[in-house]
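Protein chains in written order, with the working numbering: chain A, 220 to 564; chain B, 1345 to 1622; chain C, -13 to 304.
Don't read these hints as lab results, they were simulated from the structure.
We put the CB at the ideal spot given by N, CA and C, even for glycine.
Hints should not be assumed to be uniformly reliable.
As the list claims (entries may be wrong) - Stretch-level coverage of chain B by chain C, calculated; a stretch enters the list once three of its residues show a Cβ under 8 angstroms from a Cβ in chain C:
#1 1523 to 1536
#2 1540 to 1548
As the list claims (entries may be wrong) - The calculated BS3-like cross-link candidates involving lysine-lysine, where the alpha carbons are at most 27 angstroms apart (straight line), are:
#3 A:302 to B:1385
#4 A:556 to B:1619
#5 A:326 to B:1385
#6 A:252 to A:262
#7 A:415 to A:404
#8 B:1385 to A:319
#9 A:375 to A:422
#10 A:532 to A:498
#11 A:375 to A:363
#12 A:429 to A:363
#13 B:1385 to A:555
#14 A:535 to A:360
#15 A:363 to A:415
#16 B:1385 to A:477
#17 A:415 to A:375
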Amino acid sequence: MESKMQRRTLMRTAAALPLVSLLRPATARAEVKEIRMIEAGGKSGESIEKGYGDPFTAKTGIKLVRESPAPLGKLRAMVESGKITATLFELGSGTMVHAKSLGLIEKLDWAAINPNPMFPEARNEYGFGYQYYSTGMAWQKGTKPLRSWADFFNTKDFPGKRAIPDYVGSAVPFALLADGVPVDKLFPLDIDRALKKLLSIRKDISVVWKAGAQAPQLLNDGEVQYAIAWSGRIVEEPKLVFNFNGAMADLAFICMIKGSPKEEQAAAAKLYHEMSVAKNQARAAEVVAYTGPSPDLDALLPKDKLFMYPTAKVNKDVQWVQNAEYWAEHGEEGNKKWETFKLSL
Amino acid sequence: MAKPIAERRQGVGFITPLLVLMLAAFNLPILYMLTLGFWSKEGGFTFEHYAQLLDTPIYLRVLANTMRVSLVATLVNVAIGYPLAYWMRGLSPRAQFIAVSLVIVPFWISILVRTYAWIVVLGNNGMVNRLLLWSGMVDTPVSFLYNELGVMIGMANVLLPFLVLPLFAAMLRIDDRLMQAAASMGAPNHTIFLKVFLPLTLPALAAGTLLVFILCLGFYVTPAILGGGKVTMISNLLDILINQIPRWEQASAVSTLLLIVTLAIFAGYRALDRKVGT
Amino acid sequence: MTDIRLEAISKHYGAVRAADSVDLAVAQGEFVTILGPSGSGKTTLLSLIAGLSQPSAGRILIGGRDVTASPPQQRNVGLVFQSYALFPHMSVFDNVAFPLRVRNTTADVVGDRVMAALELVQLHGMAQRRPAQLSGGQQQRVALARAFVFEPDILLLDEPLGALDRKLREELQVELKQLQRRLGVTTILVTHDQEEALSLSDRVMVLDGGQVQQIAAPQEAYLRPANRFVADFLGIANFIALPDGREAVVRPERIRLEASGGRDAIVAEAVYLGQIIRYHLTAGEDKFVAAAPFVGRPHAIGDHVSLTWDAADVWPVA
């Protein structure tokens, strides 16, 4: 499915190229009819459309066209080739810092966006942190509950197979927490120590997952008993439990592609404003259990579902926040160590 | 047989557009990719990416791992595919048609769907394990998946048609009377197989095996899912280098190395083929 | 060198009777040809003798031994197919050496016997070639050498010359006959070519619809056919009605074209065949074929002639 989508994107891109370059001078001052966003896809993409795209289109008449997936390589290809086919690009927190250093994204004009109140970490010079998500431990109801990361790594008292993400930044910090490193001393990470800790439960690591959907599937099928998973994939599964305690909160950003047309960037500012509106964020959270950056959001969310959301007060207080700067700097080195580690599994 | 030169030249004229298209659509991007590995950030020629490649053991270890997994998967394919094709040769034409259809059908199903289907069949709660547990043959589920065994099963399933179909076609071309003649001359059945049948299928077997091996080298989805993410192939590494990091220069160096190794294997096959052929 | 006996051999494929209670006795060293149109069951019979398929009923004895249930490996039979069935991946030498090597013959003996066999078929200079580098006639000689090099009890030849052109075929027929006589091996040849059958064999067995029509020496079968089918299949037959109502056959070369005193006829066609002329004649409703030596002035189309024959040349077939 992924490859089909990519192929379609490629074809569309290829077909659009000559037209875009021919028409650009003529349309430069014309009205913007649509803006394009490249995002992660799936339910998250749907939530962008329902929560922010629809009210944006209703107010401005400008359509929001989505396209997925959004790997950093695609952004690099677009900027370096000069064939900019979109205005907005979704990036993870660490990837955004990396993209900034590669010169792939624009500074945001926060004055033009004029946002409603939002958490400070979401208001980045280079991106709008639109979606909080948590990475933490999950299991099937009826399994012996874990209370801490030490429990996750204690396979004697908590027997069962484990699944961990195939993303170094979403796996190694937990190993250090389990090994006794306090949260405020996590960064800079001792990656070697973390991997050693992970190797200590090597026999019980059954799956290293790449796609977010794998974790709930593995838990539901009883392939593994405990998993490190993304909260939104777990909390709405009736048979599964997600523990926010000690989980890692992270933010996904919508960034502006370097060199995209100015008038489209101006139109995007209006979309950004819609993304800061608490009511819109509540509507997006109905589609997928990830939440936006408004401090006023809790009041608009259904009371019985508050436990699901990363930014709900009860959950936000027991989590810690990912260090994007660290990973932007150490991502490549971390990846090499991670791949080496996987060969020893 | 030799055609007049003018006529041959005319033939070249007809295929020139195709050649140009192939060159532009396939070879230029590959050439671009290859040169990328020699560009430094400042825009000059450099060997630094290759130096890094050799300095980073993980790249070479993943490449070696890819070779090993591909080799074993190919051997598994041959071990299953050859007897299967041999068995199909002996069927009635009607049964052959059905058997060929069954071999081809997986071609029409997405590789992703097929890969996930194996989880339903071979997972801890899968059909096979439930049967084994129910029959009392095992006490705990057998780990078919999330290890190299799972990768082998998945890859064999995906690649089997690539081996079976050419092999079956080659076997069909072998005249039954060759084996009958050999039998009448007193050759025991195993001698007939080893001295007559097998040698006649070797070219197709070698070509099919090489094809399967080279396809194995590029596998991505199956090892990622059925290997539980623990069986790292070179494509997974390239995905990270191209999409996540993104370090295209390094990816280019790794790809170039893979291309060289693949071409070397192909050259070895050609040399062997020529030796056997004369 | 051994004799062969087929006793009431039948082979059924569903409702089709490819062989229907066939009896045949071939003496040691004898050359017998199984002759019949395509679909008459002759190849079926050959593969039953070779052991490539099993009869539905009956017994097969080779040298007095019941081999009905024996696999081909235990029958010691040399087999030659119309398609040669040479092993394409082996040299001529290795092809001919194959039956010796499976018998664990020492390399020296293999070399000597292969070269001797190739000499017999006049191919000793071609030992290192691949079959694909040989002409059709040469390939068939290799197949022959391979079939007799291990001194089989019986040689079975399935239309061995069928794929060759006429001149080469006639040459090889002579060679084959000489070779068979020299080796003294009991031989069964299958063919649909009646000339080949008549020229090569000690006896012919004419087969139709899986049933034996006649087993006799070639001249016997030609001059005294057992029935209308044999008469018609072997050469050209003129059928005439006898006064008692029976049907009889007269061969073309026994019919004389005279001025009077016989049956009136008109020359419809005259075909020059070198030494002889073949006349197609019409006599009222009936048609005749006559063959006359090409001497003197031949009859022309439209000539009125009178057909005569000796009573001794008339053979009743029903």
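Status of each hint after checking the structure:
1. 1523 to 1536: The restraint on the region 1523 to 1536 of chain B holds, since 10 of its residues have a Cβ under 8 angstroms from chain C and three suffice.
2. 1540 to 1548: holds (count 3)
3. A:302 to B:1385: Distance ~21 angstroms between residue 302 of chain A and residue 1385 of chain B Cα, so the pair holds.
4. A:556 to B:1619: violated (45 angstroms)
5. A:326 to B:1385: Roughly 24 angstroms separates the two Cα atoms, so the pair holds.
6. A:252 to A:262: Judged against 27 angstroms, a Cα distance of about 25 angstroms means the pair holds.
7. A:415 to A:404: holds (18 angstroms)
8. B:1385 to A:319: holds (17 angstroms)
9. A:375 to A:422: Given that 27 angstroms is the threshold and the Cα spacing comes to 12 angstroms, the pair holds.
10. A:532 to A:498: Between residue 532 of chain A and residue 498 of chain A the Cα gap is close to 18 angstroms, so the pair holds against 27 angstroms.
11. A:375 to A:363: Distance ~12 angstroms between residue 375 of chain A and residue 363 of chain A Cα, so the pair holds.
12. A:429 to A:363: Given pair residue 429 of chain A, residue 363 of chain A holds - Cα atoms ~26 angstroms apart, limit 27 angstroms.
13. B:1385 to A:555: Satisfied, since the Cα-Cα distance of roughly 21 angstroms is no more than 27 angstroms.
14. A:535 to A:360: holds (23 angstroms)
15. A:363 to A:415: holds (25 angstroms)
16. B:1385 to A:477: Holds: residue 1385 of chain B and residue 477 of chain A sit about 19 angstroms apart, inside 27 angstroms.
17. A:415 to A:375: The hint holds at about 18 angstroms.
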